[in-house]
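Novice: Could you put the whole structure together from the sequences, leaning on the hints where they help?
As a plain string of letters, each chain reads:
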Amino acid sequence: MSVTRYNLFGNMRGRLTRNKIKYALLLPAVLYAAAWVIYPMIDVFTLSVQSDGAFVGLENYRQILTSDQFHDILTNTFVFTVPVLTLEVVFGIALAVAFNAKFRFKRFWQTIVLIPLVLTPFAVGMMFRWFFSSSLGIVNYLLSSAGLSTYNWLGDPTYATIAIIVAEVWQWTPFMFLMAYTAIQSIPQNIVEASRIDGASSLQRFRYIVLPYILPVLMITILIRLILILKSSDKILAMTDGGPAGSTTMLPMYIYEQTFVYGSTSRSAATSVLFLLLILSFGYLFMYLLSYTRHEV
Amino acid sequence: MPVDSNKTQTRGSDKTSRRTFLATTAGAGALTAGCLGLGGNGGGSDEINVLMYAAAQATATEEAVIPEFEEETGITVNMDTAPFGDLLSQSLTTLQGDEAVYDVIDADMSLLPQFANEGYFEPLDDYVSDSDVLSPENFIPKVWEDAAIYGPPGNYYDLSGETRINQIPYQTNVLTLYYRTDLYDEAGLEPPETMSEYESAAEQLTDENDGIHGMGMMAREHASVFTEWKSEYQANRNANNEAAGRFFEDEVVDPQSPPLGFSSSWQPVFDNEISRNSLQNYVDRINASYTPDGVTGWDWTDMTQNFIQGNLATAHAFSTTARTANDESRSQVAGDVGYAPYPGVEVDGEVARAPHYGSWCLAIPANSDKKDAAWDFIEFQHREEIALERARVGAQPSREDVYETLSQSEEVFPGSQQFFEAMLEGFRVGVGRPKIVGYLEWREMMAEELNAAAIGNQNPSTTLEQAQDRTTEILSRQMSGHGIYE
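Chains A and B, in that order, are what the protein sequence lines are.
Using my numbering, read the first sequence as starting at 1 and increasing by one per residue.
Using my numbering, read the second sequence as starting at 298 and increasing by one per residue.
Everything labelled a hint here was simulated from the structure, so no lab data went into it.
Wrong hints could be hidden among the right ones.
To be verified - Short derived list, chain B residues pointing at chain A, Cβ under 10 Å: (1) D383; (2) S386; (3) H519; (4) A744.
For every residue, glycine included, the Cβ atom is placed at its ideal position computed from N, Cα and C.
Specialist: What follows is the structure in structure tokens.
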């Protein structure tokens, strides 16, 4: 008994010491988060319920949520996000499947495909601004050379939205490709071989083996991209400045303008909180779907 | 003008909270500046930190001012440059902090109502009165009054009180016309003086087979659409209509009667018959055959690029285009470019012009402890020989006498004399901005509404009605505490 008590006491001491070390090791990260994440978040929330330094409750939120401009910006953000994400997933997976095959100069082509990813978004925006220039751009030049109609790409709300979607998809599809390709590479070859022997077609192999295997990675990648798309602003600023008629103004651009151009910090703080809630909701939804997906896999 | 000094102490929609927010940001800014070696108050007394807009003025300062200044005074200049958005946030950061990160900042004229009212800048009245180099007489009176002088802090709208010089204009610009001399000569045309002459010249010079359009426009949702339309609308100031040419009630818009841009009530009045007609004309020009397709996506960059590619017979933009247009390495029309003041409108047989103009200015943050050295730097930039040197390397002067020299006796690039002459005339007749706090928010809103009219999403009446309503909403937030919109 005494030995047991001694061991128990000894284990507890050891555990306490280990816990102290754990907490000590965690402390810098906690302090960092407190200083750079938690405190600013609390500060932003505090600002969001103030006006002229006085507490106004949810008045700023009411003003924003009932503002037509905010509704338009939410719509713009949705209209931009859904096609971008869909196209990136489709093209990313298609590229990953294509690169899974063996062909000559594969590494060279992989490098080429990944180039857009390393470019600065603002530079990409400027590049696409000139591609889509109505009078000097290569897009209209190619269209007219082919005998097709040309378009006022950046001066019309619909075409401007298409133009920024194309630029975003061009730059970020390689990211989706990279993640999907890595996931595909990790699929055990014996399963693929077994399915071949069983007579599964390419489509069946993709549907029943490849897709379920890469789905968890895809979900995480989609979540990361969703957050990044929702935060997009520099490329759009370079291409359209949020126009025409406000049709490409997104939430982060609105928050930036409110804060640093208009000086309406309380309003921008309230918008930031709403933006954070939106992103957290998506995050929660995706984590739920991810756990469901894992269960299914 | 209405003043409520008690209320101005708690002015602005978010003044206190903005201070809290920016104080935090200022800490981070100061930390960053420290990491970058920008001494701020911690630097030596023979060093100053300067923040400038990343454009021609910064390049000119680096090339034509700093080396000579450092050699003559022994003061080291650490210059940072930033694009417009960053410049604004960095300026606010340094102005709100306890200690200045920068000793001289490059301030856009549009921000002066806000900055002056907060007392962010060191008053320069004594420096100017003691100066052998710089005097208000060096400037066109309107430019000086618009860009430099504003009321004391917390009493911004009381212009009858003490003089307060907040900043010194040093990079002044105005919307100017550029035209292809070869095409105009061939057609026997003179540069247009009125918008209707501009339209008929454009029609005559358009040759779609050669890919040449008579006129460019810049109707993108951008500052360009506002400045372009405003330059026509405000030329109507002499029309038989009290609101004509004005954005706000009783606003002074006659360039010969400075100070311009103030209103007694700040009630918007620009939804009127003259403005509706003017906007309709603007939209008609966008849709005319003499204007290229797609100008609703153009700003001044597109205008310049199309002009130097030879796609336009006439264009209008700000000064950067001038040098690019006559630079043989970049322009296909170099050597064939003429300059003229931006056209106006004919009212009662007289041509009235109102090209949009503005100026970048140099100011000393009130929290700088190197104010004398900072003033030396500002004063040095305004020496006649330095101002001329700046112009030679691509900057715009602000002194009237320097413009006179440049337009009469010295060519700094091909056609520059005609260019500076057109600019000088433009400054004399130009109209700046309404002096409202929150000007940038208002301008963004106007650009959005005008662009919506330009692309045909809404008609001019709806546009101006909505813009006027939104103006009231913006001003009621941004200008509450000034004794108006309470």
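Novice: Against this structure, judge whether each hint is valid.
Specialist: Here is what the structure says about each hint:
no.: 1; hint: D383; verdict: holds (9 Å)
no.: 2; hint: S386; verdict: holds (4 Å)
no.: 3; hint: H519; verdict: holds (5 Å)
no.: 4; hint: A744; verdict: holds (8 Å)
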